[in-house]
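Peer 1: Residues per chain, in single letters:
Protein chains: 2
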Amino acid sequence: MTDTAPTAALLIIGNEILSGRTQDANMAHIAKYLAGIGVRFREARVVPDVEGEIIDAVNALRAKYTYVFTTGGIGPTHDDITAECVAKAFGVPLVRHPEAVRRLEKHYAGTDMLNEARLRMANTPEGASLIDNPVSAAPGFQIGNVFVMAGVPMIMQAMLAGLGDRLVGGPKVLVRTVASGVPEGTMADPLRAIAADFPGVDIGSYPAFRQGKISTSLVLRATDPAALDGATEAVLAMLRSLGVEPQVLEGYGDS
Amino acid sequence: MTDTAPTAALLIIGNEILSGRTQDANMAHIAKYLAGIGVRFREARVVPDVEGEIIDAVNALRAKYTYVFTTGGIGPTHDDITAECVAKAFGVPLVRHPEAVRRLEKHYAGTDMLNEARLRMANTPEGASLIDNPVSAAPGFQIGNVFVMAGVPMIMQAMLAGLGDRLVGGPKVLVRTVASGVPEGTMADPLRAIAADFPGVDIGSYPAFRQGKISTSLVLRATDPAALDGATEAVLAMLRSLGVEPQVLEGYGDS
Chain A
1 MTDTAPTAAL
11 LIIGNEILSG
21 RTQDANMAHI
31 AKYLAGIGVR
41 FREARVVPDV
51 EGEIIDAVNA
61 LRAKYTYVFT
71 TGGIGPTHDD
81 ITAECVAKAF
91 GVPLVRHPEA
101 VRRLEKHYAG
111 TDMLNEARLR
121 MANTPEGASL
131 IDNPVSAAPG
141 FQIGNVFVMA
151 GVPMIMQAML
161 AGLGDRLVGG
171 PKVLVRTVAS
181 GVPEGTMADP
191 LRAIAADFPG
201 VDIGSYPAFR
211 QGKISTSLVL
221 RATDPAALDG
231 ATEAVLAMLR
241 SLGVEPQVLE
251 GYGDS
Chain B
1 MTDTAPTAAL
11 LIIGNEILSG
21 RTQDANMAHI
31 AKYLAGIGVR
41 FREARVVPDV
51 EGEIIDAVNA
61 LRAKYTYVFT
71 TGGIGPTHDD
81 ITAECVAKAF
91 GVPLVRHPEA
101 VRRLEKHYAG
111 TDMLNEARLR
121 MANTPEGASL
131 IDNPVSAAPG
141 FQIGNVFVMA
151 GVPMIMQAML
161 AGLGDRLVGG
171 PKVLVRTVAS
181 GVPEGTMADP
191 LRAIAADFPG
201 VDIGSYPAFR
211 QGKISTSLVL
221 RATDPAALDG
231 ATEAVLAMLR
241 SLGVEPQVLE
251 GYGDS
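In the order they appear, the protein sequences are chains A and B.
Using our numbering, the final residue of the first sequence is 255, and nothing's skipped along the way.
Using our numbering, the final residue of the second sequence is 255, and nothing's skipped along the way.
FYI, nobody ran anything at the bench for these hints, they're computed from the structure.
Predicted model, so just to flag it, every value in this text is computed and none were measured.
Careful, some of the hints might be misleading.
Residues of chain A placed beyond 10 Å of chain B at every Cβ, according to the derived structure [claimed, not checked]: (1) G14; (2) N15; (3) G20; (4) K32; (5) A35; (6) G38; (7) A63; (8) T66; (9) G110; (10) N145; (11) Q211; (12) K213; (13) M238; (14) S241.
Examples of chain A residues toward chain B, derived with CB under 10 Å [claimed, not checked]: (15) L10; (16) E16; (17) M27; (18) V50; (19) F90; (20) L114; (21) V152; (22) M187.
Derived, one-sided and incomplete: chain A residues facing chain B with beta-carbon distance under 8 Å [as the list claims (entries may be wrong)]: (23) R21; (24) R42; (25) H78; (26) H107; (27) T111; (28) D112; (29) N115; (30) R166; (31) V182; (32) F198; (33) I203.
We put the beta carbon where it would ideally sit given N, CA and C, even for glycine.
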């Protein structure tokens, strides 16, 4: 399936993912969010807290996709280097954003907690616009087509939800899942022919285990409902010819 | 922390990860496995089932890291294109591997299941050596520094465990976690000074929630036990000067 909808990539920044300490929980959430607004999620990368790696990845991805999201590395500690790396990637200075300072001052009003380390969370590349953080005040930011968000899932999700019409999607991808009842290899050849007949429909084939038997979930994805219907009917007819009674589930079903 | 130990990258291949249908379960497992044998896991990428994307990623990663692991796309269906893409990345033909055919014939002996689609799972780039699949026979393969494995976690884990001394590690990274009892921003400045004093120790700082309070887990990683001890002592002294009694946990602790 090829189309002209906006595309996106995710850059996950953090040693903790690569060391195995932390299981990433953001990629699947972002994938579902982007699918819901009609943006095609095309690539994800995980890099360590190393300046050159972050800069190179930001520049590679922002040149290739409509939107780039980053998660991680925007806290107050020495290992939080995302803002300065994104500034370097764009070739602009890192500046203290006045509105970000105001938000931190408001959040920490009446305490003596707003030290220099926390004020660093107000540093953004020059020309960036803020991304709201309704959880803990310290904002993310957007510069060009790059959206810099927190790594803590609860905060990242709130930031993403607040982006609203800063993200413009295309036609949504419609999804249907067929629980086939047969193993992949048994139907792979006829399935290949159907996939060739419906180039506008992406057909994924995934091993599944149902009632103790090896089966296959077929996931059909398309923007055109008629093409999706046609491919689904062809898949069902093919499976029935193999002597099974497949089940059609809306979306990803329980697959 | 910079050292000369072997490095590795992971390439996750599959639309199902980028669509949000499937939560990747392989990255964290591979991260822990590599840490255990002293290989530095430095980058991960997720790409869709698109030939050009897979070829480009394989070539970028194999030039940069000691080892590259791929997961996904080695089944019998039309969307399983990893083997042919890796062959193209290496500029060699895709051939039917006789030993892989023998294993499939043995696995499916006495059935009529070994059709052309399943035999495709015996295709490897010319010159590849097989990676055992004790779960479902169809092997992975190694060519050069690239290890091609299944995407199904149970099969991937068995393949990885069987690589044995095909992977040579360096010194293991020793890990210690300090449950600090204070929020990140409160200690960020003194922590930055400690990180600068111990360039051989990687100090990660991660927000944590303990007994309803915002806290921080500090993760110290180093190959040199003396450096790790020194940095840990410095961190503990710094935290005590802030009036808290930090806890030291071996490894990643319960953080």
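Peer 1: For every hint, state whether the structure bears it out.
Peer 2: Verification of the supplied hints:
no.	hint	in the structure
1	G14	violated (8 Å)
2	N15	violated (5 Å)
3	G20	violated (3 Å)
4	K32	violated (4 Å)
5	A35	violated (6 Å)
6	G38	holds (13 Å)
7	A63	holds (13 Å)
8	T66	holds (15 Å)
9	G110	holds (16 Å)
10	N145	holds (18 Å)
11	Q211	holds (18 Å)
12	K213	holds (14 Å)
13	M238	holds (13 Å)
14	S241	holds (15 Å)
15	L10	holds (8 Å)
16	E16	holds (6 Å)
17	M27	holds (7 Å)
18	V50	holds (8 Å)
19	F90	violated (22 Å)
20	L114	holds (8 Å)
21	V152	holds (6 Å)
22	M187	holds (8 Å)
23	R21	holds (5 Å)
24	R42	holds (6 Å)
25	H78	holds (4 Å)
26	H107	violated (11 Å)
27	T111	violated (11 Å)
28	D112	violated (10 Å)
29	N115	holds (7 Å)
30	R166	violated (20 Å)
31	V182	violated (11 Å)
32	F198	violated (11 Å)
33	I203	holds (7 Å)
In the structure shown, a violation is registered for the earlier hints numbered 1, 2, 3, 4, 5, 19, 26, 27, 28, 30, 31 and 32, in ascending order.
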